[in-house]
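Using the sequences and the accompanying hints, generate a full structural model.
There are 2 protein chains.
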Amino acid sequence: MENFTFYSPTEFIFGKDTENECGKYVKKHGGSKVLIHYGSGSAVKSGLLDRVTASLDAENIPYVMLGGVKPNPRDTLIYEGIELCRKENVDFILSVGGGSCIDSAKGIAAGVPYDGDFWDFYEKKAVIQKALPVGTVLTIAAAGSEGSGGSVVTKEDGMLKRDAGSDLLRPRFSILNPALTQTLPAYQTACGATDIMAHVFERYFTNTKEVEITDRLCEAVLLTMIKETPRVIKNPDNYDARANIMWAGTVAHNDIVGVGRSQDWNSHGIEHELSGLYDCAHGAGLAVVMPAWMEHVYTHDIMRFAQMAVRVWGCEMNFQNPEATALEGISRFRKFLHEIGMPINFEELGAKTEDIPTLIDKFGIGDGETWGFVRLKASDIEQILLNAVNAKV
Amino acid sequence: MENFTFYSPTEFIFGKDTENECGKYVKKHGGSKVLIHYGSGSAVKSGLLDRVTASLDAENIPYVMLGGVKPNPRDTLIYEGIELCRKENVDFILSVGGGSCIDSAKGIAAGVPYDGDFWDFYEKKAVIQKALPVGTVLTIAAAGSEGSGGSVVTKEDGMLKRDAGSDLLRPRFSILNPALTQTLPAYQTACGATDIMAHVFERYFTNTKEVEITDRLCEAVLLTMIKETPRVIKNPDNYDARANIMWAGTVAHNDIVGVGRSQDWNSHGIEHELSGLYDCAHGAGLAVVMPAWMEHVYTHDIMRFAQMAVRVWGCEMNFQNPEATALEGISRFRKFLHEIGMPINFEELGAKTEDIPTLIDKFGIGDGETWGFVRLKASDIEQILLNAVNAKV
Chain X
0 MENFTFYSPT EFIFGKDTEN ECGKYVKKHG GSKVLIHYGS GSAVKSGLLD RVTASLDAEN
60 IPYVMLGGVK PNPRDTLIYE GIELCRKENV DFILSVGGGS CIDSAKGIAA GVPYDGDFWD
120 FYEKKAVIQK ALPVGTVLTI AAAGSEGSGG SVVTKEDGML KRDAGSDLLR PRFSILNPAL
180 TQTLPAYQTA CGATDIMAHV FERYFTNTKE VEITDRLCEA VLLTMIKETP RVIKNPDNYD
240 ARANIMWAGT VAHNDIVGVG RSQDWNSHGI EHELSGLYDC AHGAGLAVVM PAWMEHVYTH
300 DIMRFAQMAV RVWGCEMNFQ NPEATALEGI SRFRKFLHEI GMPINFEELG AKTEDIPTLI
360 DKFGIGDGET WGFVRLKASD IEQILLNAVN AKV
Chain R
0 MENFTFYSPT EFIFGKDTEN ECGKYVKKHG GSKVLIHYGS GSAVKSGLLD RVTASLDAEN
60 IPYVMLGGVK PNPRDTLIYE GIELCRKENV DFILSVGGGS CIDSAKGIAA GVPYDGDFWD
120 FYEKKAVIQK ALPVGTVLTI AAAGSEGSGG SVVTKEDGML KRDAGSDLLR PRFSILNPAL
180 TQTLPAYQTA CGATDIMAHV FERYFTNTKE VEITDRLCEA VLLTMIKETP RVIKNPDNYD
240 ARANIMWAGT VAHNDIVGVG RSQDWNSHGI EHELSGLYDC AHGAGLAVVM PAWMEHVYTH
300 DIMRFAQMAV RVWGCEMNFQ NPEATALEGI SRFRKFLHEI GMPINFEELG AKTEDIPTLI
360 DKFGIGDGET WGFVRLKASD IEQILLNAVN AKV
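Order-wise, the sequence lines are chains X and R.
Per numbering that gives the first Met the number 0, the very first residue in the first sequence carries number 0; after that it's consecutive.
Per numbering that gives the first Met the number 0, the very first residue in the second sequence carries number 0; after that it's consecutive.
In case anyone wonders, no lab produced these hints; they're calculated from the structure.
Be aware that one or more of the hints could be misleading.
Just so you know, same-sequence chains aren't split out, so a pair can sit in one copy or run between any two.
[What the hints assert, rightly or not] The list that follows gives simulated cross-link-like pairs (lysine-lysine, BS3-like), each with its CA atoms no further than 30 Å apart:
1) K208 with K226
2) K226 with K391
3) K23 with K129
4) K27 with K123
5) K208 with K233
6) K23 with K124
7) K23 with K123
8) K32 with K129
9) K123 with K26
10) K124 with K27
11) K15 with K208
12) K26 with K124
13) K124 with K334
Next up, the structure:
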């Protein structure tokens with residue numbers, strides 16, 4: 000196991016009706032003037048925003064509001080938010096929405112006390128030294144941003160998707176009410192589930208030996224997702240299944256399942272170019288990329304893929320031919336994604352084969368290679384995308 | 000799943016040589032004058048204490064020292080620590096040792112700013128409202144106190160073992176260097192491993208339905224312990240196995256594997272009377288009590304015990320007779336404890352059958368019953384202890 004630090008100071012408030020407590024938690028964590036940041040009209044229509052503002056009113060905490068966060072959140076709205084916070088002397092950002100909303104809130108939080116352009120953090124030109132505190136009321140189990148220090152934002156000019164991270168961006172509190180996710184369309188639910196599973200797989204495929212505890216914790220989250228996702232697709236009102244998925248989504252990405260081991264974030268990196276170019280859902284892009292990535296890299300460590308196949312997908316180990324077991328595991332993963340309604344190839348995603356050179360170009364790898372379980376060159380990324388073009392179950 | 004809050008703000012610094020950073024972390028978390036609290040001479044002899052003080056010196060942080068913490072830490076030393084801290088204007092407690100040392104440090108931390116007798120918190124006569132910050136350098140994987148808000152202390156007068164808990168007692172940072180545990184005798188290592196597994200089992204046996212994520216996370220920790228414990232008993236210098244156990248020990252008890260579900264702490268409660276009366280190691284007492292408790296309660300939920308047997312102990316499910324599977328799982332647990340060198344019955348522990356009435360009396364249940372997976376009356380506790388008297392593998 001490698002040396003590591005793990006710091007997850009977020010206070011999680013989980014369960015039915017917990018959104019009514021957000022005023023109390025803003026106060027506890029020192030907020031005296033709040034920016035409520037939200038996305039589309041669904042938080043308004045469902046009455047969620049009313050419950051949140053009532054909760055702030057009850058604590059006499061003033062607020063301003065900024066809606067309009069889109070999936071793959073844009074830099075343009077973040078600039079707007081930074082300006083608004085400065086003008087209104089906001090000292091706490093409350094995100095009411097999903098991962099995009101939280102990531103946008105984090106961008107604003109980092110930008111407000113910073114003299115330069117907040118995009119510097121996402122271009123890795125500057126390190127976050129200070130940020131406003133962020134709280135969240137989560138409406139979809141997916142990104143894990145409610146418990147992480149990461150943020151992914153898309154620059155509207157050129158649709159460049161980039162990430163920034165800091166322990167300073169970890170939310171002070173996150174309110175997780177699984178009932179809020181019961182109204183999500185099946186497609187969005189499945190996209191979220193795919194994202195959660197991808198967060199685990201990016202940690203599972205490691206070159207670090209002897210990491211049984213994190214291997215097992217990764218498998219625990221994956222087994223949960225495999226059991227619970229089809230249940231909520233079939234019955235969106237299943238509160239308990241929603242609850243298991245929601246907590247799995249947080250555990251999957253606050254890094255407790257990934258500490259002390261090398262990780263691999265290449266599927267996420269490749270996917271970012273897909274959702275950057277086509278503005279597709281991140282989870283949908285991952286469903287196309289991740290099994291294709293597995294098919295390209297599995298020979299690097301056949302026994303690790305066989306372990307996934309046996310422990311996660313319930314395959315029987317083929318002791319004469321472990322490679323067959325490894326491939327069976329990948330195949331079951333893709334079949335699972337298909338069954339929960341995810342696209343599994345370019346056509347189903349709405350991507351085009353002729354865009355592959357553009358995608359590689361935007362990835363910006365040039366003659367270099369990535370880091371990770373298997374280092375990828377441009378030619379590897381091309382092959383992974385070609386694997387994805389005509390993938391079938 | 001039940002509503003819950005989860006808050007684990009401890010910063011974990013994990014890996015080789017990390018004790019040399021403790022000065023840096025005391026400073027980061029606001030300490031300006033430190034009480035170094037430790038146990039026996041082993042921290043002195045190994046040079047650990049020298050490295051810790053050198054690390055504080057390097058940051059120009061003054062300190063006073065208080066050693067002498069015993070296993071099953073005593074109230075008497077805590078009174079002494081409180082007085083010393085007040086006299087020396089200490090504002091940060093640094094525990095250098097195992098769970099007993101941390102629990103003693105937490106007692107001091109709660110007592111210093113409190114006007115009354117700190118024992119009030121352990122008698123549940125008062126709630127902790129304020130505490131000095133605590134940091135830890137851990138030397139044994141066992142109690143999980145390095146990541147929890149709990150503390151267990153023994154009142155010397157009458158050897159009463161009682162617990163207190165508060166998020167205010169969660170350490171600000173914990174330094175976990177698995178190499179520090181390599182010099183532990185096999186018996187202490189095994190006691191620690193048993194404690195870790197017990198922390199998981201106390202959460203695993205629940206009456207809450209539909210808690211797949213926490214079930215799976217519990218099983219992940221248990222599977223890790225089952226793999227790694229025999230390896231370190233056989234080869235004490237196996238760093239990676241030590242590392243897996245150490246992180247498992249923290250994950251087992253910061254409650255991430257237990258949130259949202261009813262729990263059962265009756266085995267711990269019964270064991271506290273054993274170690275209170277005989278001053279035996281907590282883990283050794285648990286090895287005697289826990290399988291005996293399982294044998295007494297398994298009929299309450301045979302399928303849950305069958306699940307444990309299959310998923311944790313690798314038993315084949317007997318579909319014709321799930322009860323046989325459940326019993327096979329319990330039997331394998333006891334066999335495992337025996338194989339790692341733990342006592343499994345009264346004689347091996349040094350306990351006496353004729354003390355059973357005294358043990359029940361000290362438990363203080365009277366005509367009432369406990370809370371938990373199965374509520375226990377005095378007669379149940381008697382039966383559990385009788386199960387433990389002549390237990391065999």
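Hint check results:
| no. | hint | result |
| --- | --- | --- |
| 1 | K208 with K226 | both (28 Å within a copy, 15 Å between copies) |
| 2 | K226 with K391 | within (23 Å within a copy, 38 Å between copies) |
| 3 | K23 with K129 | both (24 Å within a copy, 20 Å between copies) |
| 4 | K27 with K123 | between (32 Å within a copy, 25 Å between copies) |
| 5 | K208 with K233 | between (39 Å within a copy, 20 Å between copies) |
| 6 | K23 with K124 | between (37 Å within a copy, 27 Å between copies) |
| 7 | K23 with K123 | between (35 Å within a copy, 26 Å between copies) |
| 8 | K32 with K129 | both (18 Å within a copy, 27 Å between copies) |
| 9 | K123 with K26 | between (33 Å within a copy, 28 Å between copies) |
| 10 | K124 with K27 | between (34 Å within a copy, 25 Å between copies) |
| 11 | K15 with K208 | between (41 Å within a copy, 16 Å between copies) |
| 12 | K26 with K124 | between (34 Å within a copy, 28 Å between copies) |
| 13 | K124 with K334 | neither (41 Å within a copy, 58 Å between copies) |
In summary, the one numbered hint that this structure violates is 13.
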